[in-house]
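Peer 1: Letter by letter, the chains look like this.
There are 2 protein chains.
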Amino acid sequence: MQRVLAILSYDGTNFHGYQRQPVSRSVQGEIEKALRIIHKAEFWPSTSSGRTDAGVHGLNQPVHFDTPLSIPEDRWAVALNSILPNDMHVKSCQYVPSAFHARYDAVGKEYVYRMNTAVQPDVFKRNYVYHLPKNLDLSAMSEAAEYLLGTHNFTSLSSPKTDVIDKVRTIFRVNITRYENEWTFRFIGSGFLYQMVRILMGTIIQAGLGDIKPSDISQIIVSMDRTLAGPTAPGCGLYLAQVFYERDHLEKYIEEL
Amino acid sequence: MQRVLAILSYDGTNFHGYQRQPVSRSVQGEIEKALRIIHKAEFWPSTSSGRTDAGVHGLNQPVHFDTPLSIPEDRWAVALNSILPNDMHVKSCQYVPSAFHARYDAVGKEYVYRMNTAVQPDVFKRNYVYHLPKNLDLSAMSEAAEYLLGTHNFTSLSSPKTDVIDKVRTIFRVNITRYENEWTFRFIGSGFLYQMVRILMGTIIQAGLGDIKPSDISQIIVSMDRTLAGPTAPGCGLYLAQVFYERDHLEKYIEEL
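So the sequences go chain by chain: A and B. Just so you know, the UniProt record's numbering puts 72 at position 72 of the first sequence, and the rest follows in order with no gaps. Just so you know, the UniProt record's numbering puts 220 at position 220 of the second sequence, and the rest follows in order with no gaps.
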């Protein structure tokens with residue numbers, strides 16, 4: 001058996017999230033269907049770096065699987081793409097050591113959140129950019145983001161619907177840029193809890209609207225009380241941008257951002 | 001009764017074209033459903049500048065309708081948008097003289113066709129940009145476009161499936177721009193026949209691929225034989241960009257392009 005690492009992009013609009021489900025259409029379900037066909041098997045498992053919610057998109061989602069087939073490395077993407085639906089695309093595949101693990105070996109992840117504050121909605125962006133026709137205070141949001149940096153217990157800034165017990169994560173960097181009415185928020189951290197980026201966004205937006213003071217964030221974190229944080233921002237604006245497996249690469253990326 | 005001119009945008013992906021249909025979802029069907037609700041009537045007709053096919057998008061589609069309601073001009077868009085689905089959006093509404101006609105008064109139209117020639121498909125653009133991973137010759141395509149300019153009988157460059165008898169149209173301008181792998185083709189003409197822009201595109205692409213010589217276009221036009229022209233390019237890349245009702249405005253726009 002050899003282990004293959006595939007880098008996958010997907011438009012999350014028409015998926016009920018990443019994770020395999022008995023009935024609903026999922027990203028993992030489609031990949032494993034393709035793997036089943038290629039391997040002529042009844043079931044062929046895959047392991048991703050993590051899950052995304054319904055409507056959330058993937059730009060570079062790492063997924064690994066094992067195979068007894070000796071397909072040349074560069075033909076794996078062609079084989080998978082010939083079967084996958086057109087809202088998914090394997091960007092590349094490579095053979096990796098069998099000890100490699102798409103989830104456990106991750107040293108960092110980047111999520112991107114896109115928002116548009118134009119008065120008029122853009123029908124072409126409705127599934128890809130959260131439309132919030134409000135005036136937002138960039139400096140208040142940047143200040144709010146500063147309070148999130150570092151290592152904290154993020155219980156109050158993630159969904160209680162999870163089996164994960166250790167809720168300590170490290171946020172290395174939050175980068176906010178604006179071009180006209182289009183805003184891009186980049187979150188780089190050691191890892192993120194269930195719905196954490198969407199709740200971070202909802203809370204940063206509260207600061208941008210003046211509904212909370214940026215410094216309130218310290219108290220929200222310490223409280224470990226989900227009800228004190230902001231609402232969960234819509235999934236359509238969220239993208240899993242990339243997963244880092246090498247600390248050097250992660251540090252260099254953060255430095256250059 | 002007063003006549004209202006609405007300017008509409010729509011993502012054509014999930015519509016079976018513009019025109020009202022008995023069962024399938026159409027842009028006109030959704031507008032007239034909203035008008036029915038607003039007027040508390042069983043049927044309320046509307047007239048557009050023209051139709052678009054399944055999958056074709058609208059950036060600024062003019063639509064007129066008559067109403068006995070005295071709703072302030074700037075509230076019409078709000079009222080319609082509160083009912084319309086989120087893949088449609090009324091950008092503006094204004095009262096116009098009752099002699100105004102969205103179709104008959106048009107003096108010109110602009111269509112935009114978007115194409116991407118990157119090797120890898122982009123899952124986020126699949127419904128919005130035609131993906132053709134080939135090398136295209138820009139100068140051959142520009143030369144081909146030159147042969148289309150002016151007044152011609154476009155029988156060979158439109159679909160035979162139409163009741164329209166007069167197939168003479170004037171193309172004022174074809175503008176081709178490229179930014180990296182993304183191509184934009186703008187067609188400005190007096191009007192366009194059924195599937196004409198998609199067949200013009202299919203024929204220009206043939207010239208870009210070297211499958212025909214640009215000068216062959218003269219012969220294709222003269223032949224009045226649809227089978228000599230190129231294939232019908234996919235609807236997903238096509239946008240009705242704008243409709244002109246004033247000759248001055250049209251001429252100024254062409255000059256500045």
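If you're looking for bench data, these hints aren't it; they were derived computationally from the structure. No experiment lies behind these values; they were computed from the predicted model shown. There's no promise every hint is true.
Copies of the same chain look alike in the list, so a pair counts if it works inside one copy or between any two.
Below, a list of computed lysine-lysine pairs in the PhoX-like style, where the Cα atoms sit at most 20 Å apart [unchecked claim]: (1) Lys33 - Lys91; (2) Lys134 - Lys91; (3) Lys134 - Lys213.
Peer 1: Next, verify each hint and record whether it holds.
Peer 2: Quick rundown of the hints versus the structure:
1. Lys33 - Lys91: Cα proximity of Lys33 and Lys91: one copy only (18 Å, versus 43 Å across).
2. Lys134 - Lys91: between (36 Å within a copy, 18 Å between copies)
3. Lys134 - Lys213: within (17 Å within a copy, 53 Å between copies)
In terms of the numbered hints stated before, the structure departs from none.
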